[in-house]
Amino acid sequence: MPSTKVCVLRSAGTNCDQETAAAFSLAGAHAELLHINNLVSGARMLDDFHILALPGGFSYGDDIASGKIFANELRFKLADALRKFIDDGKLIIGICNGFQILVKSGLLPGSKQWDQEASLIINDSAKFEARWVYLKPAGRCAWTEGLERIIYLPVAHGEGKFVTRDKNVLNRLKKNKQIVFQYCDEQGKLSGYPDNPNGSLESIAGITDPTGRILGLMPHPERHIFSAQHPRNWNLKSKSGDGLQIFKNGVKYVKEKL
Amino acid sequence: MQYKIEVVDKPGIFDAVGRGVARDIFDLGIAGVKEVKFIQVYTLEGNLADGQALSICQELLTDKVAQDYKILSGQSSNYLKANQHIVEVAYNPGVMDPVEASVLKGVQDLGICGLNSVKTAKKYIISGKLSSAQLKTISEKLLYNKLIQHIVMSDKSNPPIPPFKKGGLGGISYQFNLITVDLFSASNDKLLAISKRGQLFLNLNEMRQIRRFFRKIKRNPTDCELETIAQTWSEHCYHKTFRGNIAYKESKAEPALGNRAIKNLLKSTIMKVTKELNKDWCVSVFKDNSGVIKFDKDNNICFKVETHNHPSALEPFGGANTGIGGVIRDSMGTGLGAKPILNTDIFCFAPPDLAFNKVPVGSLHPKRVMKGVVSGVRDYGNKMGIPTVNGAILFHENFAGNPLVYCGTVGMLPKDKSFKKTNKGDLIVVVGGSTGRDGIHGATFSSGELTHESETVSSGAVQIGNPIEEKKVLDTILQARDQNLYTAITDCGAGGLSSAVGEMGAELGARVYLDKVPLKYSGLSYMEIWISESQERMVISVPPKNIDQLIAVFANENVNAAVIGEFTGSRRLELYYQDNLVCDLAMQFLHEGIPQIAKKAVYIQSKHREPKITAKKNFTADLLKLLAHYDICSKEWVVRQYDHEVQGGSIIKPLSGLKNDGPSDASVTKPLFNSNKGIIISNGINFRFGFIDPYWMAASCIDEALRQIISVGGSLKEVAILDNFCWGNPDKPDRLGGLVRAAYGCYAAAKAYGVPFISGKDSFYNEFSVHGKSTPIPGTLLISAISVMDDVHKAVSMYAKGAGNLIYIVGNTRDELGGSHYYDLYQAVGNNVPKVYYQEAKKTFSALSKAAEKGLVKATHDCSDGGLAVALAEMAFSGGLGMEIFLAEVPFVCHPEPLSAAKGEGSCFKILRPAIGVTQNDVILFSESNSRFVVEVEKTRQKEFERLLKGTTFGLVGCLTAKPDFKIFGLDGQVCLDANINKLKESWREPLKW
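Chains as they are written, first to last, in our numbering: chain A, 1 to 258; chain B, 259 to 1252.
Chain A on its own, in the form it takes in the complex (with noise of 0.2 Å):
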């Protein structure tokens, strides 16, 4: 059997395509970075990959708004390959502008014409701030499968408020099982700021698809797949970081699906 491909896909300002391919490397996954350019000329085809990772940073700055500029190429460039790509049932991650991508262009939560019906606005402090945070997994996802107890993971973003367009957009993310993570203190209880680093709408941290197969999150799970990133227990040696399973789950899916 193949082995499971990875496309961690980035363009100007992308900056955390290289720990996002070492997670999937680490999970057991061939990780290759692509350069948008590189799948717009057709140079390179998405059809190539099982999973799409949409790493963090600031595509083109964060101008006009986080995601925007990249989202639109996805929108407007890759449109078909996209599709196709989603309908092959393969995997898509999003992390931070990743998921801030995923939002604007519509691939999550998902309606069939992409559709904006969430978004990723600024945080109430209105500044960037880095932090860990504790997370509580719900939903049904491909991605979390297996991820019961809370886990421990930074965040970093400036534009992280999870809001959604209207009640009706957010009963229905209820209603699927589409939010996958959710900020709490370290008990698990959905608490304010700074457990909730951003002021998001029910804690929202990370959703998902109604497929489970695209997940976004603002936490970043790719600093945390070494137990030597913990901010106190770098001393043990053996254990690995809690972000990592997330990676291990996707490729698990795709040798165990596609």
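None of these hints come from the bench; they were simulated from the model. Any given hint could turn out to be false.
What the hints assert, rightly or not - Below, simulated SDA-like cross-link-like pairs (lysine to any residue); rule was C-alpha separation at most 20 Å, straight line:
no. : chain 1 : residue 1 : chain 2 : residue 2
1   : B       : Lys268    : A       : Val169
2   : B       : Lys1208   : B       : Thr1198
3   : A       : Lys239    : B       : Phe931
Model the placement of chain B on the given structure of chain A, informed by the hints.
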């Protein structure tokens, strides 16, 4: 056709930007503002078909979920209610606005072609009763900086923005006209006038040398030649003070250096240590854009710290922004290009609560400077994806007109890519940003003092960076490097192409066709192209056979790469503009023709007032005040705005503790995914000791940087350091006297500890004069240290881990309250400056390294600002535990003692247990003696730990408690300090909790 588009948050969406501005207005002391609404404005210019403007709004400029838009076609928008005011802020023509390019790209992606230009503006609708004077204050103090921005007048009187075509600034084009400067017949007075008018900052001696040279070759220089010489000979590029002759005199100084004639201060001190220590892991020192040391068998690491003080004084955001952008390029321009892996930033400001009437005329308020600088660094560092792992912020009133902004970058590069060599025939290629009129005269501007007129005279030196452009350059440079497509690289920093090409071609000579340099807009003269300091550019030398492949690498990711000339072998610098020769200089004169500088330096040890502190029994209030001292208090507000986790390598983070909010010592980073090797970074800075003696300030800074490395579990095995002097005007003998002492202090400490300097920087003329009266900054030395750690899992953090664990103080405390923060609470400096006792300290360092290596310590915290009491308190509250400490157990050496001990000549000191009543508690609590640590050890490891520390001075001073009380028993056994740890922590967090 022009379209003005306003984008605003939908009703019900929390307007975080507006809320922030409202809070800032309140902080200005202006009450009565009920609400501020923020509106983003785009002005599009071009020929758009029906419906295209609409689709740009809907598909690109507006977030449908959270925002609404409005297209205004020329006329006013009458939505103002009573008591509402509009302030609209736009960039001045020619100032970099990175959003422009992004919007143009976004519009193209929509398949719309007719757009010519884009301008952006920020609009604030302020609701509340305000006088026009108040509105002016709000605008000037908060919303705009006239150097780069202007207020767009109210919509009704707003003239349409002049068309800003892609190819031209207001449609002006440049007609070639060769300008020569008449030096032949110029009198000495005239020479000085020429230097001043042209902002050359050359002195008479230098101007005469230039006149002599041109008389010999029988022609006058072109403006371009004169500028090139001025750039190359500037203090900024040539380091005249450090390389010149200095006649040094001193009196009453301890240790005495003696009157002496110094030939090249740099080679006599800083570089001398490196040469004498001759470490085999030093790969490249004082040669390249940063210093390079060995990391592992395949990789080297490089480190450089730069300053960007003058630009940050005028435009804090832009100054700091381009400052960090520049030092990142230093790393990209080291060897054949290093990948930046971490940043460190150190700032000095005036206190943020300085009264407005104490702010010098022509300066911005320190709080605004601080916010701007922090934002500038945040913007560039975060967008480049480089973690900011470490830093410091200090405060003193004399930084009011002239803040200090130090930015440092560590890069990693493969061993076989660590050296560069330009060959004859290589093409000169400039990559990255286009060249504009921005940043002209930065190099010479930083070689003079700031005055209250600087903001108008030198505003061309102020710029805004474009981090995404630099990120694109970095991404592509590393690909080209790994394909071996070029032979040398350097960055375009101060002096622009003039400096970069001049340096790269110093041996071979270079020919440049200035009209081939890609421009942002037309209208630039040949000279402006040559000296412009436009950001985000690198210069590389490329063998002609590789050029097509090289250009393709850059083009594939939308980066400009243009061939502008070649390295010739003629040993001349030849510049052409449209076939006209505009500069023809011998490289030898350019690089070696500068006349020897002779300066005078005088150092007189001054006597400072000792504070009057009435005897007291309880020091709780003093500790609370110290924790709230701006130097000591929590910098969390700043640190959290920097991404310190990107790249996934952060191990010891800038904040640590039970709640991730305690003050870490050094940082530890694991740069490679497949190796446990780490990099330790630390900084030592303390200008307060320099008030008493810069010699001991320098030694203390080195000690501080090293003890932070020891604190996190490092060792002195492989430590390299950088010097970074920010000083006043070195032409004034008293300022230079202090500098000389600091440089000799550096030599003594670095030599004694065996740590070589690998690179450095100096920034002079840090003075601010108002109407002729000049105030220098406190002479400030930053020592930055870098070390390699074998296994990051052995790293030690600073916060208390377990109730019942033992607390040790390792290292001697002395009566050294001079320059302490405790004295600062009483507005005094004092005279007992902390010294460094090298032999004693080296034993301590080595023993603690071994203890960490064996896993015997649970936590270690460095004792510095605020002394023992502050270090103990920080350890306790960061870990959420209480402490009981007995001062009688703290190792203490009576004062005075022979200085020979301080010089490191044997250990003839005597340790005395302070007798009850003899020594005051506050000396032990707050003295800032060097080389001391607070260490937490588990009871089960006590014997092993103490055995390992044999031969050092240490005291078991207390233990950690589950009860959150911080209690210190004085020398008489009575409680002399008692507080709840949460109260201590709150006092420490409060001052900068913005």
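Quiz item: Quick check: which numbered hints come out false for this structure?
Solution: none
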